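Engineer: Read off the chains here:
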Amino acid sequence: MSKATVQHNDSNVDSLLRFMTCGSVDDGKSTLIGRLLFDTKTILADTLTQISNTSKKRGMEAVDLSLLTDGLQAEREQGITIDVAYRYFSTGTRKYIIADAPGHEQYTRNMVTAASTANLAIILIDARRGVLTQTRRHSYLAHLVGIQHIVVAVNKMDLVNYDQATYDKICADYLAFAQEIGFAQARDIKFIPLSALAGDMLVDRLDNMPWYKGETLLEILESAPAAHTEGDEEFRFPVQFVCRPHASADADLHDFRGFMGRIESGGISVGDAVTVLPNGYQSKVKAIQLGDAQLQSAQTEQSITLLLEDEIDTSRGDMIVKTGSAIQPVKQIEAFVCWLSETPMSLARTYVIRHTTRESKAKVGTISYKVDVNTLEEQATTDLKMNDIARMTFKLAQPLMVDSYATNRATGAFIVIDESSNNTVGAGMII
Amino acid sequence: MTNKQTKHQQPLSHLDWLESEAIYILREVAGQCSNPVLLFSGGKDSLCILRLAEKAFRPGRFPFPLMHIDTGHNYQEVIDFRDQRAAELGERLIVRSVEDSMKRGTVVLKTPDESRNKHQSVTLLEAIEEFGFDCCIGGARRDEEKARAKERIMSFRDEFGQWDPKNQRPELWNLYNARSHKGENIRAFPISNWTEMDVWQYIERENLALPSIYFAHQRDVVMRGGSIVPVNVPLVSGEVANPLKAGEEIINMQVRFRTVGDISCTAPVISDADTVSKIVLETATSTITERGATRLDDQTSDASMEQRKKEGYF
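Sequences listed follow chains A and B, in order. When you line the first sequence up against the working numbering, it's residues 29 to 459, in that order. When you line the second sequence up against the working numbering, it's residues 1286 to 1599, in that order.
Read the hints as simulated data drawn from the structure, not as lab findings. Just so you know, these numbers come straight off a predicted model, no measurement behind them. A portion of the hints provided could be inaccurate.
Partial list, computed: chain B residues near chain A (C-beta under 7 Å) [as the list claims (entries may be wrong)]:
hint, residue
1, Pro-1296
2, Trp-1302
3, Ile-1308
4, Gly-1345
5, Leu-1460
6, Lys-1467
Beta carbons: idealized from backbone N, C-alpha and C, even for Gly.
Make a model of the complete structure from these sequences and hints.
Structural biologist: Structure follows, in structure tokens:
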């Protein structure tokens, strides 16, 4: 079985990778996802029987794997908003969550949504068409939202006779463009020739492209680093909830004051000196708890309860950092903002910005420019409509503890909320 | 590349990651909502959520009560288990029943043996109004059904409790927006990103107790429309669910339930898995199991898929 040939990165065993796929139906995205689910044996017999019957009804000889994501296509025919869908598969060594985002221009907001939780993006290119405007758009958005690992998948190689020269040219074209936008230098980019339809280079290598010596798509996925494993990040702990069970019959719990939250980055150990922002109170970590377990230290992405040596008045929205960390509360932020709402942004209104577990009222400061996602040109603007991306500033009523998005995706990100509808209307990445 | 990585942290295991995400979501509900409730049926998914809530909020009490919408057509073992678990945790359990809604006239069955599963939503909305809940925490998972693949973790419902796919809030990073106006409602799904396999692995790792009908047992069943249907099931009310129909032949089979819900629409599967670790193994190879079931009747696969959609997967 092909699984045996996969080179495992030991530290990835039993970990989880979130990735996204960018491309339109024409690029074979549905078939690619269907093939990954099928070849990793995620598809149960009943589902397979169903799509096999549907394939036959439509007069197809082979099972059409793109039907596995058919629910979405049906919606498109009905004119319902096309949305990000989440899909799951496991190889036995690693669990995967796919964010499947529609790729057309009017779905910029969906791509940004899908990218926000992804650590790797597969950008699909049709081998017959090469690098298109949409390829540039997808790459720019993946770059903007901070995805570190890019897999440029040149699909439909079966339709160009598995021709190496065609593949090489597309790779060269892509690299030239990626260098031009400063993307190639900042990201890990891999290229792979595929036929999702025939199954070449996804899970199995097959025999059609002996000239390609690189990893299969699944091998790339199996060896891709998990989030937070590549850089030294500073400790950031936004307080979500304060546990004070003082009414408890247990006398030991009378003074219990646990700060609950998820470590957004970095690590912490018992005894570490910490500062609580924005007030600046200082203390030391007395204990770290996860359920019944007492931990000596904890790491990024763990949801824990922190107990401090001193009684400090701390509530939801505060942030615990290591003493000496350079982070400071700010009352103005500059960011790239993607507008998500059908109602355009109003310069006159007050919005709510939600950053980590903290909220603040906010007013628009200045808009420097908006970015044409197809040409990447900067254009002067005074308004922001759905799918627009602009560089702008906000003035804040309450201080926020921020890092730049480039250094920390958790503490560099925020959403904009319209209080009248309570809708999430914007997504921001702090510069 | 590998060398560079080893000096930094090891990634969490997938179960640790999923657990941490679910705890985070539960705490967001507690932090953002003023009057949430946790829907608890005694089923495997909601039992996982109870363990996650313990990890999220102990040594404090849960910042929400538990609530079960009872169709009156549940297995006695599951109801007993539900009550026992709530008592062990020392948390408040609210039970509201579809039969009360029927008495009030707000639920009208088309036929006496119609499944009450879909009518649970009426009773749920009545309970939401009665208690003024602004958020219901549920155990739905995105892998259950195609349509669920696009569900939000914090899903907005209007004042009629309706899910409007065109009016869902974009959900970015882990910045969940659980705001609602009075009368509106949020449904929060902490185990959205879990698969059936993850649930069983978590049950195994956490050593969670489950109602006995999840494990292989002998049961009187008939084959009805390609499905295995338990017959003559005694109800809490003293009545009998799924009475034997004329011409049907009772078969005593070794089965277990993959989901527990309303008796009238929950079919068991043939299985000899009588421990959690055997169920994990069975789930891992469930393609074969389903094919095995197919051999009983060619229609089984399609019918059971339809069945799953009906089984309380609201």
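Engineer: Next step is simple, just say for each hint if it's right about the structure.
Structural biologist: Comparing the hints with the structure gives:
no.	hint	in the structure
1	Pro-1296	holds, 3 Å
2	Trp-1302	holds, 5 Å
3	Ile-1308	holds, 4 Å
4	Gly-1345	holds, 4 Å
5	Leu-1460	holds, 5 Å
6	Lys-1467	violated, 11 Å
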